[in-house]
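Undergrad: Residues per chain are reported as follows:
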Amino acid sequence: MSDFPWLVAMIAVPAVGAAVVAALLKGRELLAKQLALAVSLVVLALAVLATVAFDRGGDRFQLTTSVSWIPDFGVDFALGVDGIALVMLLLIGVLVPLVVGASWEDPAPEGRSMRVFFAWLLLLEAMMVGVFAATDVFLFYVFFEAMLVPMYFLIGSFGGPRRQYAAVKFFLYSLVGGLVMLAAVIGLYVVSSSQLGEGTFAFDALRQLEIDPGVQKLLFLGFFVAFAIKAPLVPFHTWLPDSGAEAPIGGAVLLVGVLDKVGTFGFLRYCLPLFPDASRDFAPWILGLAVAGILYAALLAMGQSDMKRLVSYTSISHFGFIALGIFAFTTEAGTGAVLYMVNHGLATGLLFLVVGMLIARGGSRQIGDYGGVAAQAPKLAGAFLVAGLASLALPGTNSFVSEFLVLIGSYPSRPVFTVVATLGIILAALYILLMYQRTMHGPPRGVLMAAPDEAPGALGGGSTAVLTAPAPAPSRLRVADLSGRELVVVAPLVALIIVLGVYPQPLLDLIEPAVTATLSDLGAPR
Amino acid sequence: METMSAEGLLSWSWLLVALPLAGAAVLLLGGRRTDRWGHLLGTATVAAAFVLAVLCTVQLAGLDERRADVDLFTFISSGDLDVRAGLLLDPLSLTFALLITGVGSLIHVYSIGYMAHDAGRRRFFAYLNLFVAAMLLLVLGNSFVALYVGWEGVGLASYLLIAFWYTRPAAATAAKKAFIMNRVGDVGLALAIFVMFAQLGTTSYAGVFAAVGTLAGGTVTALGLLLLLGACGKSGQFPLHAWLPDAMEGPTPVSALIHAATMVTAGVYLIARSAPIYDETPTARAVVLAVGAVTLLIGAIAGCAFDDIKKVLAYSTVSQIGYMFLAVGLGPAGYVAGLAHLLAHGFFKAGLFLGAGSVMHAMDDSVDMRRFGGLWRRLPVTFVTFGLGYLALIGFPFLSGYFTKDAIIEAALDRDDAWGWVLGGVAVLGAGLTAFYMTRLMLMTFFGRPRWEDGVHPHESPSVMTVPMVVLAVGSVGAGFLLVRAFPLADWLEPVFGEEHEAEHVVAPLTVGLVVTGVMLLGVLAAWLFVGRREVPVLAPVRVSPVTRAARNALYADTVNESLLMRPGQWLTRALVWLDNRGVDGAVNGLAATLGGSSSRLGRAQTGFVRTYALGMLGGAVLVAGALLAVTAG
Amino acid sequence: MIDAPDLSLAALAPLLLVFGAACVGVLVEAFVPRDRRHAVQVAVALVGTVGGFAGTLLLAGTREVTAGAALAVDPAGLFLQATVVGLGALALLLFAERSLDPARSAFVASAAVPAGSVRDRELATSSRVQTEVYPLATFAIGGMMLFVTANDLLIMFVALEVLSLPLYLISGFARRRRLLSQEAALKYFLLGAFASAFFLYGLALVYGATGSIRLSEIRESASAEGGGVLLVLGLALLVVGLLFKASVAPFHAWTPDVYQGAPTPVTAFMAACTKVAAFGAILRLLYVGFGTEEWTWRPLVYGVAIVSMVVGAVLGLTQTDLKRMLAYSSIAHAGFLLTGVLGLGADGAGSGLAATMFYLLTYGLTTLGAFAVLTLVRDGDGEAVHLSQWAGLAARSPLTAAVMGLFLLALAGIPLTAGFTGKFAVFRAAIEQGAWPLVLVAVLASAVAAFFYLRVIVLMYFSPPAVDGPTVGVPGVPTTLVLAVTATATLVLGIVPGPVLDLAERAAIFVG
Amino acid sequence: MTLNYYLVLAALLFTIGAVGVLVRRNAIVVFMCIELMLNAVNLTLITFARSTGTVDGQIIALFVMVVAAAEVVIGLAIIMSIYRTRRSASVDDANLLKY
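Protein chains in written order, with the numbering used here: chain A, 1 to 526; chain B, 527 to 1160; chain C, 1161 to 1672; chain D, 1673 to 1771.
Simulated from the structure, these hints should not be mistaken for laboratory data.
A hint or two may mislead.
To be verified - Label-pair distances were calculated between CB atoms; the ranges are: (1) Asn1115/B to Ile1688/D: 48 to 56 Å; (2) Gly1221/C to Asn1676/D: 44 to 52 Å; (3) Val1656/C to Val1744/D: 34 to 42 Å; (4) Leu1768/D to Asn1115/B: 32 to 40 Å; (5) Leu1098/B to Ser68/A: 53 to 61 Å; (6) Arg1264/C to Val1738/D: 31 to 39 Å; (7) Gly1112/B to Ile1688/D: 48 to 56 Å; (8) Ser1286/C to Arg1130/B: 36 to 44 Å; (9) Val48/A to Thr740/B: 21 to 29 Å; (10) Ser483/A to Glu979/B: 41 to 49 Å; (11) Ser1126/B to Pro1624/C: 20 to 28 Å; (12) Arg1264/C to Gln1730/D: 49 to 57 Å; (13) Val1652/C to Gln34/A: 27 to 35 Å; (14) Ala642/B to Val52/A: 47 to 55 Å.
Even glycine gets a Cβ: it sits at the ideal position worked out from N, Cα and C.
Please take these sequences and the hints and turn them into a complete structure.
TA: Below, the structure is given as structure tokens:
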């Protein structure tokens, strides 16, 4: 069972699926959707089976595949996962089918076709799997950059009013980071060739290098910039609110839920083990950035009037917690940080989906255009509340476990940073409840009021397309509550949020060994 | 303290939490199809929990250890951190469990009637069940983490219930305010847990209390203060008390159960539970005392000035919990007294709120006492039950308040130092104020000439509402005597707080009793002089003394919060948004603009004239040659 | 009594084939009736170039210095020759495209007729096509092949002229917008001649300093008595001449104008082949002739590389004409190539040569393809090259947009395209020699450059189609072939570059 | 060393040519200046041939003349065609292509 090339399959299936979907004839939209859904479900199944095949007690990297790819550069097509990568693969597997479901009834922007949307989506999935599964730094880089293209087209072709600006901004930010990292990757290769005779990109080999501290600092910074932009840490963050706000909901979910995790994943997988000394030297600064980011982004979130921007800022704040957990260098915090990546993907994913469903009904992203929705769409409100509570890390939801682990794990080694970070939980409550109160509570307001001639339920329909706000008008409209399809999309996330909130241990058992290994690479100060 | 795992019925005690939780789940997920019987299910689960609690208590009383651990499953385990989900059954936790489920059941029953005509009744019972589950987890959990989970759980339930009528902006805002101020306290609690883990490597009661002695004094004090911060947030103590009166926006049964009887006393529970920590740190304990005393007065003073019946009761709650903090702040001498007062308060304050609810029910949901008056004839049952609760609260001799409050005052005086006298004095003064504002309330509500608005026809509430009120009234009459004299709570709690040492009294109990009663009577008299004798104006007089104005503004707590925190926060947020857009993002866009600008500026060099290009080439050639020569020379 | 120098005809076969084809072409002009001329010319030119290409492949591995040590037929030379002649053949196919332009050719019927004259107008509509371009282009290709194998400065100079003169001419052959075309020719010619004067003066000085013009001997005497002022000046002027051809800033001024004015197929030809030839010569001159003077020219190359990358990337930002934009991109890429040139280690070690040659191949293919796409999108008078005209192209013609997108991403150096592999190779070569600051500048420059490639994609995909937008012509067999080859190559060299990299690796040998 | 005079003279001629390219407008004259530069090079070559005592320099000079001749053909052709269109041989008139 375990010698089946799970990871290759998980990359190949969606890639092929994307090609097929793209090749479909015009007008075969429905078939395209069904194919996309089927493919993504297959990937989910593969992910689950791979988890079964994964032996917790076993080696660091399992389910490995390695084929020589570019011998002249010493590049292998080498895949393999440790617990950290595995849980991320599971997250991808869970999110993509839901995104497909959520985008099911989106109307395509004129001149475009949802067929293309789903094709890009599947390609993106393949790339994301690859980036987490790669155990060859070159391969990782290739996926890291190639991943931009599908997301670029998702934002640019299917996004909101300012999608062009957002898409280019997203692409250039990531590209700059990526190119700087490229320089560092090559540098690493050169170092390896000088130490091991011939250059290699194999992660396990590079881990053994003894790099001179000065060089380490340079290389570390090269990687760090790329990951800090991706994650994103303040002050490299300003692309995220634009992208998050303009991206189609499906894209936004994957962008914030998975794509950005590549940054934090990169810290843990590459920065720490490859450049231990530099990591230790820079840790205080990075922790400073992280903690500042937690509060800064949280305050900014409160200042937003656009729901999608708000959610994006909350994510930036959460990434601060993850970074704090990673650079605290303790098992508890590290494990918590990885779990946080997963949980944040689920919680913020749900939040984005629900916000998208609300926007689809009201046709506006402005908080001020809503009010009293709960009275008419209790299910929607409920899902919104669960997502919000998860996002403010209420005990009983999954996020609590990870946030608690991060903080309690960081406290012993970094008390000051932790105390400041803990203030973030007050702000989290503030920004979530502010948004919830303004949209769901109070008397009906804004776009819920519409001209009498408009038929009741005119705001129904399940699409998550991003429109611009219609002018508010006198009388009341009925907001359709979640449709059956939307419930199917939302329910799994809600369930996972609760279950992982009460019984997170299975995931922790998967993650912890990998984190311990990483920290042992970090080793004692040399 | 080594732990012995529970067997028999006790090992099923997790059902205490599970039952109401299941109820909540069914009601929330079941949707409309559970509307018809939802409230019954909700009540049933809590009632069942109560029965179970009683049985557990009986069995526990049988054990010589009077302590049992129920280990359930691993909650969070990573690295050195190992948090197991489990329950700790001992007299303290079960006492609370009984109070919560008992009073809870009564209020559920009451709510059946009270919410009969509300479209969201099912939702209401779901939230109530959720609250009971969380509250039970809070008191039964066997580690600070479990407590924290329940702690925030009740916070959520309280949020949902305060905002139950969420279409009213006031309700929504009050709910948010409550949650946020609670969160402030939660930060303290969370930090305390971090410190425990960092210093002791564990968060379970057993582990922490066993090792707390080994900690440095400063650390223990820090622990104590952090826990106190949490307690203040939850129990509406100074300086985090401003949310509790606003919380009255919720339906009255909620005010009775959550914001009077149970949740707001969680802080007292926390401090009592953490006795081993506070035993190590007189400093923190002194702060607890100070908080208690200050809050006691603030609550009492504010209570005198409001015309909103629920607000008055809310401030009374604040003040009474101040008494409890004062008590537990006294240490071993006061724990039992504090808890006794807590239980008694649970009865009579719940009763008073239910009574107030019944009054509102009769007065078309009006809460303005200036529009009441002369209700005793129309609402006999309510009047009687409410009256008994009133007497119990002001400490009328031989009713529950009398015993428990006096016990606290005695304990305070027994310190036999200046502090003792100050605290005792404050407590006595508080008793007088309590008598004043409660009498004022009685007079304005039940006596005098009716000042009802037109179209209001007061009528007694249905029995489903009155019965619980009667039960609670009985409780408020008897609880004090039972707890202090008949079956001393002290003996029952002895395994938790150790032998009750019979302190020799500085002032004879009888004297204390007489003094307190005297002050109480003075308060009543004053109230009659100010309110009872003359006609109550329907509109609150505007030209009043600064003292009254201050009292009406609850001593400006909200004003301070707003001007010190809210406004600056909003300002800071606006500033940061500006900074982020203009500054951080502006820098990036600026860079892009600069590149674009320099591009078109450099582009000018591309004049299209061959001769310019040639010049450029020549210049380049000269540069190249020069550079090369320089390199060679150098 | 002078004895004839040894001529290894085998080693010269590719050159002879191409030049032969060119001469035959001239004869064809004279003797074949006009109506059949075009077909014959195309046939002859293709036979010559494809034959030459085959020849270079057959010769793979030979290392000999022949023709009186005037030519060095070595692996590197052959690799570059193959690249030049291969790309040349593709470019010739673009020349031969007849189904796109309503007048059935991109070239003016008779260059001698004044633009805008009566005769010109009637010719513009006539079906008469001119065929001199084929022998001219073939001569240019031959010159380039000679250029990259020239083992002595005189041959190099002659080759330079042989490749340049035809280019000057055919730049002026555009059928449409003739004024621009002629202007381009004039500028290219004057500046080109100016530059070759510099090259020649450099030659003279080097000759004076070393008493020889043979690269190997220059190397010896240079290492023997070190770099005298004369030698250094000579080197400088030689380099200037070559950098001009390679359109490296600050000698780039002609590039945008000429690229824009010349007929698009010719632009494609220049962009791809001239670049290869020029860099081939630069590599040979610096590695063979001045390999020991490496300490001298390294800082120079370092400097011009930075200038070139920055100028190209920054100036490209605000271009609205696609051909001009690609011209600036070619300037930037010249900078990237120079980072590869720096990859020469002590005693000839280092992967610089291989990397640079590989980059030349990938860049040539990609840019050729990009220009080929330009020829498809047309409006009333010729190609629609203004950026705004490309808005919403994806909606109108998805395939065209997709192919263009691919080439642009490759130019931007996105992984899984040839462009990325090339960039990686040259950057690696540079970092191995410790030139990481240069690489840092390079990556930032390529990020800036990426912006204007992206802008085209944004326009094609994310913008609403322009009203009265251009029509996308249906390419005939030749252009289709070119697009197919270049696109495929761009992908293959991105996904499985192994074999070709290996080839370049093994071919990285200069003799002489 | 008298030969240096020739070199200096050649250098001067080359410079004059280069400057001429920069300052003259008429395409023909500009082109002539370039020719002047080439001939300056020839002079240099001959001088060096003399100093080094090899004939290579003279041979190169011959080559250069041939090439120059070829260049003239091309150049004049281009200039003529432009002149016939625009009725002007001024290089400054030809600047439609810029920026």
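Undergrad: Looking back at the numbered hints, which does the structure fail to meet, lowest number first?
TA: Those not satisfied are hints 3 and 9.
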